[in-house]
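One line per chain: the protein sequences are H and R, in this order. For the first sequence, our numbering begins at 1 and goes up steadily by one. For the second sequence, our numbering begins at 1 and goes up steadily by one.
Keep in mind the hints are simulated off the structure, nothing from the lab. Please note that the accuracy of each hint is not assured.
[Claimed, not checked] To spell it out: a stretch of chain R is covered by chain H in this simulated footprint if at least three of its residues, at any positions, have a beta carbon under 8 Å from a beta carbon of chain H; those stretches are:
#, stretch
1, 180-190
2, 309-315
[Said to hold, decoys possible] Mimicking SDA-like on lysine to any residue, the simulated pairs with C-alpha atoms at most 20 Å apart in a straight line are:
#, chain 1, residue 1, chain 2, residue 2
3, H, K79, R, R194
4, H, K79, H, A65
5, H, K79, R, R183
6, H, K245, H, T189
Quick reminder that beta carbons are idealized off the backbone N, C-alpha and C, glycines included.
The chain contents come next:
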Amino acid sequence: MTSTLLEARGVGKRFGGVQALKDVSITINQGEIYGLIGPNGAGKTTFFNVLTGLYPRDGGEVLFAGKPLNLSSPHEVAKAGIARTFQNIRLFGNMTSLENVMVGRHVRTHAGVVGAILRSRSEREEEDAIRRRAEELLHYVGVADRANDLARHLSYGDQRRLEIARALATEPKLLALDEPAAGMNATETAALRVLIEGVRNDGLTVLLIEHDVKLVMGLCDRVAVLEYGEKIAEDVPAVVRADPKVIEAYIGTSAH
Amino acid sequence: MDIFLQQIINGLTTGSVYAVVALGYTMVYGIIQLINFAHGEVVMIGAMVAFTFITSLAGGNLPAPVILLAGVLAAVPTCMVIGYLLERAAYRPLRHAPRLAPLITAIGMSIILQHLALLVWGRNPMSFPQIMENPIIPIGGAVISGVQIGIILLSFMMMAGLTWFVYRTRFGIAIRATAENVRVAELMGVNANRVIAATFIIGAGLGAVAGVMFGTYYGIVHYTMGFTLGLKAFSAAVLGGIGNIAGAMVGGILLGLVEALATGYIGDLSNLCHWPGLGTSSMLAERCADGGNFVVFGSNYQDVFAFLMLILVLVLRPSGLLGERVSERA
Chain H
1 MTSTLLEARG VGKRFGGVQA LKDVSITINQ GEIYGLIGPN GAGKTTFFNV LTGLYPRDGG
61 EVLFAGKPLN LSSPHEVAKA GIARTFQNIR LFGNMTSLEN VMVGRHVRTH AGVVGAILRS
121 RSEREEEDAI RRRAEELLHY VGVADRANDL ARHLSYGDQR RLEIARALAT EPKLLALDEP
181 AAGMNATETA ALRVLIEGVR NDGLTVLLIE HDVKLVMGLC DRVAVLEYGE KIAEDVPAVV
241 RADPKVIEAY IGTSAH
Chain R
1 MDIFLQQIIN GLTTGSVYAV VALGYTMVYG IIQLINFAHG EVVMIGAMVA FTFITSLAGG
61 NLPAPVILLA GVLAAVPTCM VIGYLLERAA YRPLRHAPRL APLITAIGMS IILQHLALLV
121 WGRNPMSFPQ IMENPIIPIG GAVISGVQIG IILLSFMMMA GLTWFVYRTR FGIAIRATAE
181 NVRVAELMGV NANRVIAATF IIGAGLGAVA GVMFGTYYGI VHYTMGFTLG LKAFSAAVLG
241 GIGNIAGAMV GGILLGLVEA LATGYIGDLS NLCHWPGLGT SSMLAERCAD GGNFVVFGSN
301 YQDVFAFLML ILVLVLRPSG LLGERVSERA
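The following block holds chain H by itself, in its conformation from the complex (with noise of 0.2 Å):
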């Protein structure tokens, strides 16, 4: 039995005379990786910024966990148990790693002022499990070793697995990836399909956008496409990837 995790219902935006979202409407199940693809500016990304409260969206709603979602402050949708990464990475560069890791514990705990400087023995013991979980989590998408390290000297693939590493520090439900395989070599794919596949298993459910179209073909429960900022379809991998409208968005009339 699934259970839905998160609802957008008629989601649109618009940038000026561009319609960028029309009416999107997709159901995530609990614990499913979920594929969002589509040909460049279908609206994918747009559909992120407006999912984590970057943008403002211009109708529709969205439930998660069965709550309307509070698009209003991005903080409230890290709250509310969204974390996403970027497709072009925006790492805490002049920090460590462990340190942009901390950054992702702070909406679960009580960080104050106050107590920073009081250094209460609460206030000592909650940092020192932050620091734990913070390297347990630098540990599990393995960049364990550059831990102290400035984010901006880590290779590219483990700048990746780092922002990664920062989204599930938030303990989110839902975990967002922004085309997390851009750029990365065939090994760096593969190790990245194991770990998200990994995060799944945990119990997490992944919203993944993507273009290499075998990795979400191979990876995801379910894919939704989109098209000029509508959903053109949206089922089993297998059902997808036959769809003469999926294939006719990406290959073009054309070419049948």
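Using the hints provided, position chain R relative to the given structure of chain H.
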């Protein structure tokens, strides 16, 4: 008397105060790229509030350190509240406005605070009560006063405390994350409004202590004192690289030292009677006779050096001594 050593001591004292004030500018700039021109006025109000408390308590039979402490304990929360109100009422509504709007608002806030102080404390300079004993200690041909030692020690303690707070605590990590990228920090669950308000409050609290130190050192407070002090501290922040906490400290100390040394030597250096050839020329012979002097620039040019350095930094190294290139921040 050893002028060089004496001016180093004096420069270190004023430089410490500049550094503490500069931290308030640089922290706010680091987070929201706003030059909070009202910060100098917050420092002034800190000095004024302490002045009121210390003056009214000075007649009683409380021990002097207790009175001074009471002054500081009154000034710090007052300034913190003002810092918070500035952010909440004046700057937050303009967070997404063009950069010029909050900047002009900051200048407006500065004028408003100055005139509020004018209404409360009047327009005359007031002498800051010197309640503490101020021993003068000889040190290698120069002297250092108890107040100077106190100012230098307290400033360095505050700077060390802030560094620890920003680099070693969770809230500090959130501050640095927000400074690097507000949007991403928010997406990771950091409440940016809280972090921004906290930097204003911390900066104002440090500024309040700086105001009390400044009043104690110069023995005088006035409703316009925050203006020049603020501009100099801002210059110090730019000198060190605005947005950079270590830079503000280095810039403040350096500015204090340059100012003190320049003030100490400019009179001698610009005394035309000492210039070879000039002193005996017919034009100056009369003035220079019997050990007379013809000084072009006296020590009243003190305030020029801070701004001279500001101009030099902006021309030669706009990112400041410790600042990164602006393109790396984006």
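Does T189/H sit within 20 Å of K245/H, going by the straight-line distance between their CA atoms?
With Cα atoms ~28 Å apart, K245/H and T189/H exceed 20 Å; violated.
Run the distance test for K79/H versus R183/R: straight-line Cα separation, threshold 20 Å.
holds (15 Å)
8 Å C-beta test of the stretch 180-190 of chain R against chain H, three or more residues:
holds (count 10)
Count the residues of the stretch 309-315 of chain R whose Cβ falls closer than 8 Å to any Cβ of chain H, and tell me whether that reaches three.
violated (count 0)
Next pair to validate is K79/H with A65/H; report whether the Cα-Cα distance is within 20 Å.
Holds, at roughly 13 Å.
Holds or violated: K79/H with R194/R, Cα cutoff 20 Å?
At roughly 15 Å apart (the allowed maximum being 20 Å), R194/R and K79/H satisfy the hint.
Taken one by one, the earlier hints fail for this structure at numbers 2, 6, listed in ascending order.
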